[in-house]
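Number of protein chains: 2
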Amino acid sequence: MKIVIVGGGAGGISTASNIRKIDSNCEITVLTRDNKVAYSPCAIPYVLSGKIASFDDIVMRTPEDYKSKNIDIITEVEVTSVDSNEKTVTYEQNSKSTEIKYDKLVLATGGNPFVPPMDGVNLEGVYQIRNIDDGVKVQNAINDAKSAVVMGAGLIGIEIAFALMEKGLNVTLSEMMPQIVPRSLDKDMADIIVDYLEEEGINVVLGKPVTKLIGEKSVEKVCFGDDEVMDADLVIIATGVRAELDLGRMAGCEIGRWAIKVNEHMETSVEDVYAVGDCVESKDLILGSNTISQLGTTAVRQSKTLARTICGKKSNFNPVLNSMVSKIGKLEFGAVGYTSSFAQQNRIRPIVQKIEALTRARYYPNAKPMDIKVICDSEGRIIGCQIIAEERVAERIDTMTLAITEGLTCFELSNVEFAYAPPVSMVTDPLVLAVEEVSKKFN
Amino acid sequence: MKIVIVGGGAGGISTASNIRKIDSNCEITVLTRDNKVAYSPCAIPYVLSGKIASFDDIVMRTPEDYKSKNIDIITEVEVTSVDSNEKTVTYEQNSKSTEIKYDKLVLATGGNPFVPPMDGVNLEGVYQIRNIDDGVKVQNAINDAKSAVVMGAGLIGIEIAFALMEKGLNVTLSEMMPQIVPRSLDKDMADIIVDYLEEEGINVVLGKPVTKLIGEKSVEKVCFGDDEVMDADLVIIATGVRAELDLGRMAGCEIGRWAIKVNEHMETSVEDVYAVGDCVESKDLILGSNTISQLGTTAVRQSKTLARTICGKKSNFNPVLNSMVSKIGKLEFGAVGYTSSFAQQNRIRPIVQKIEALTRARYYPNAKPMDIKVICDSEGRIIGCQIIAEERVAERIDTMTLAITEGLTCFELSNVEFAYAPPVSMVTDPLVLAVEEVSKKFN
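Top to bottom, those sequences are chains A and B. Mapping the first sequence onto my numbering, position 377 (from 1) lands on 377, and the numbers just tick up by one. Plus 1000 on top of the position in the second sequence (first one is 1) and you've got my numbering.
Watch out, some of these pointers could steer you wrong.
Stated by the list, open to error - Looking from chain B toward chain A, a few residues come up when the C-beta cut is under 7 Å (computed):
#1 Thr1297
#2 Asn1318
#3 Leu1321
#4 Ser1323
#5 Ala1394
#6 Asn1415
Worth flagging that the hints you see were computed from the coordinates, not collected in a lab. Where a beta carbon is used, it is the ideal one built from N, C-alpha and C, also for glycine.
Please model the entire structure based on the sequences and the hints provided.
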C-alpha cells in the first residue's frame, strides 16, 4: 500500500508516524513546502523572546530521522495537482514536475495566514508567522527595529507582541474587535490580560482596525481607523489562518463553510482521500454543529484516528471543545468551551459567574489571585470556563474540559473531590468555589 | 432550633458556618477541647519549616469572629457525656460540669493520634501533632534538639521530617511497612520520594518498626527492630489517627469497623444525632464498601451535606476516592483511588502502567520529569493514579479524580482534549501518554 501525505505540519507528520507504528510495511511519502518538519510552531514566540535559545532547539526530528523509520519526506516541493480518479499527485521541485501514484491520499494542507486586503502589506518589514523561516526573518528584523505593530490579538498575536516587548521594542498590539482573544475569552476576562499587557508597556489598541501600512521600501507608519497614524518599522500580521482548500477542491472533496468536510474517521467525501489538521472541519461538542479547531493538539489527536482508519482499524475522532492555554510573562490563561457571548449567538441563555480565588492557601507564601469564569446553560450544564492566574491554570482547564465532555452540571461538579495541600491549592478548590457560586443562580 | 456541635476541627466548624449560611435563626453552639478553631492542621509542618512565619498566620478566624455570626464557640471544654434520649450533652470546664439541651447534635469528635504501645512514649521530647499547641511545643523543642526520629511515613510524618531537616536537625524517618505512604502509593512510586528524601539528607528506615524509646527524663535513644539503636533528642509519633468514638458509643450510634456509621445525609443510626469528619465512615467510590477518609477536604465537603440535612434540604455526600497531594521541598506528589496492591487485596486484577514524561515541551527551559502510574481494572476502567513531579501534579490528580468518578476507561480518556502550550505541558499531555500506554495492554 502506498500512502501519500500532502503537508508536513503536525497533522501530516503525526499521521505518517502513527501509520508506521501500526503498519511497518506500507510505503509512506510526505510532500511538504517547508524545509523543516516536526517542530512546534507554538514555540516560535518563545524563541523570539529568547526563552528558547534557538530555532534549532524546537525541531524535534529531521527528514533523515524519518528515513530511518522508512518514511520518505520530500521537502521544498509544491503540490500542483491531485487526480482522485487516476489516484495521482503531481508536485514541482526546482521547476521540475513529478507525478506519483497513491493508494491512499492524506490532505494535511493546513492553513494560510489571512492577510487583510490593504495598502502596504507587501512592504519590507511586514511579516506573517507561518513557519520557522518566518521566525528567522523576524528574529533578524528585531535587531534593527525600534517599534512594532502586531495586527491581531489572538494567541499568536499576543505571544509575539509580548516577545517583541521583551526584546526591547516599542510594541503596539492591535485588534479590530473590541477585545483580545475574542474566540476564547469574554471581554471582562480579556481585559485582565489587557491590563497586564499595558503594565508591561505594550500599547493595546482595540476596536480600531489597521487601515493602511505606509512606507517607501520598508514599512514606516501604520494607520488606524480614519485618523490615527503610528510609527512602526516592523509589522506582524497575525489576523488568523484560513484553511488551504485548493487541493481538496481539486480532489473533489466536499467543502463545508470553513474547510474540508470529514466524517468521524477523518474520511473525506472522496474514496481513499483523507484530510487532517487545520484544513478540516470538526464537530462542536456542545451543539454538534460544524466548527474549525485549528490547534496543534487537535491535529495530533486527529492523526491518531486517521492512522487507524487508513490501517483498517476502528477509531472515532470525537467532537471538540477547543481547550487552549497560553503563558505570557508571568501570566497563564486558558479557556475551554463557549464564551458567554458565543453562547448567546447560538441561542443559549448563559448563566455566568466570575469569581476571584487564590492559587494556594491564603496564609501560604506567594498565593496568587486566580480569576475564574464559569458558563452554564439554563439547565446548569457547564458549557465553558476561562481561567487567569500566575500558576496552575492549564490543568484546571483540563479538569473543566473533562467535566464539559462528560456533560456535568455545576451542581454535580460541586460534589466532586479535589486534592488539597496548603502549598498547591485552597481547601475548597477554586473550581469548586466557582461552580458553587454559579449553582446559587439556579435556586 | 438548638444545634450542639461537639468538636472544633474542620468538620465541626464548617458545619456551623454552613448551617448559618442557610438558617440565620437557629442557635448554634460548638464545644471544643482546643483553644483555637478554624485553622488548617495540614499547615503545621510548613510553620515548623519556617515557610509560614507563625502559627498565628494559619488561624483564619477566632471564636469572637464566630460570635459575630451568632455562632457560640465554647473552647477548652471536655464533653463528658451525651444522652440521646433526654437530648442533653454534659461538658466540663475548669472542673465545673454543665448540661445543655439540644434539638440536633453533631458529633465532629475527630480522631486521636494512634500511639503504639511501647516503652518510653511518655518521655519528654516525644510529641504527637494533633493541634497548634503540639506544633508550638515541637517548634520550641527544635531549638535545643540536634537529632529527631519521626515515626510513621504517612503524609504528616514525611512533611514533619522534611521540616525538621530544613531546620537543620539530623532526621530519621521510620516506617514499619516496607514503603512510605503505603495507603496512597505503590512501592515503586514511593521509592522515588525516598530517593529524594535521602538526597536531601533524611535517613529513611523502612520495614523495621521502632520498638522502644529510651531516656532518663527526656528521650535519648530510639530502638529499631531487635538490634539497632539510634540517638534522638526529639521523637515525633505520626503513626496515624484513630476515630474518637466514645461519645458516638454513648449516644448509641451504630459503629462500623473503623468509625461511626452515617448514611449519605450524614445521619447516624440515632435520631437527631449526626456525625462528620474523621470520626465517620464513608463509602468507597470504586467498590462501594465502607472506608475511612480522614482528610480535611472530606470533612469540609461532608459538612456542606450535613448542614443542608439539618436545615431540611436535600443533599447527598458522595462516595470517596481519597484524592491527596503533598509538597515537600521541590517535590509535589499526589494520588487518587486504588494502588495496585490495594486493588489486589480487593480481588481486582490491576492492569498497571508507569511512564516518565515531562512537565513542559522537551525544548522549553526547566521541563521537569513527571512520573505517572495509572491503574485500571480488567475492563480498562481507571481506578487509580499516582503522580510525582516538581510542578503541576495537584490539578492532574483532580482530572484523574473526575475521570474515575465518571467511570472512564483508559481508552475513553485517551480521546479527551487537553490544553497545550510549550511552557505548561507537552503537546500530548502526560496523562494521555499514560492512558495510551496502559491501553496497549488490553490489545
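Would the hint on Leu1321 (chain B) stand, with a C-beta cut-off of 7 Å toward chain A? Hint on Leu1321 (chain B): holds, closest Cβ of chain A at ~6 Å, below 7 Å.
For the restraint on Asn1415 (chain B), tell me whether the closest CB of chain A is nearer than 7 Å. Hint holds; Asn1415 (chain B) Cβ to chain A Cβ min 5 Å, cut 7 Å.
Would the hint on Thr1297 (chain B) stand, with a C-beta cut-off of 7 Å toward chain A? 5 Å, holds
When the nearest CB of chain A is found for Asn1318 (chain B), is that gap smaller than 7 Å? Given a least distance of 5 Å, the restraint on Asn1318 (chain B) holds.
Interface hint compliance - Ala1394 (chain B) to chain A, C-beta minimum distance less than 7 Å: This interface hint holds because 4 Å falls under the 7 Å limit.
Less than 7 Å between beta-carbons is the criterion; does Ser1323 (chain B) satisfy it with respect to chain A? At 4 Å from the nearest chain A Cβ, Ser1323 (chain B) passes the 7 Å test, so the hint holds.
Hint compliance for this structure: every hint is met.
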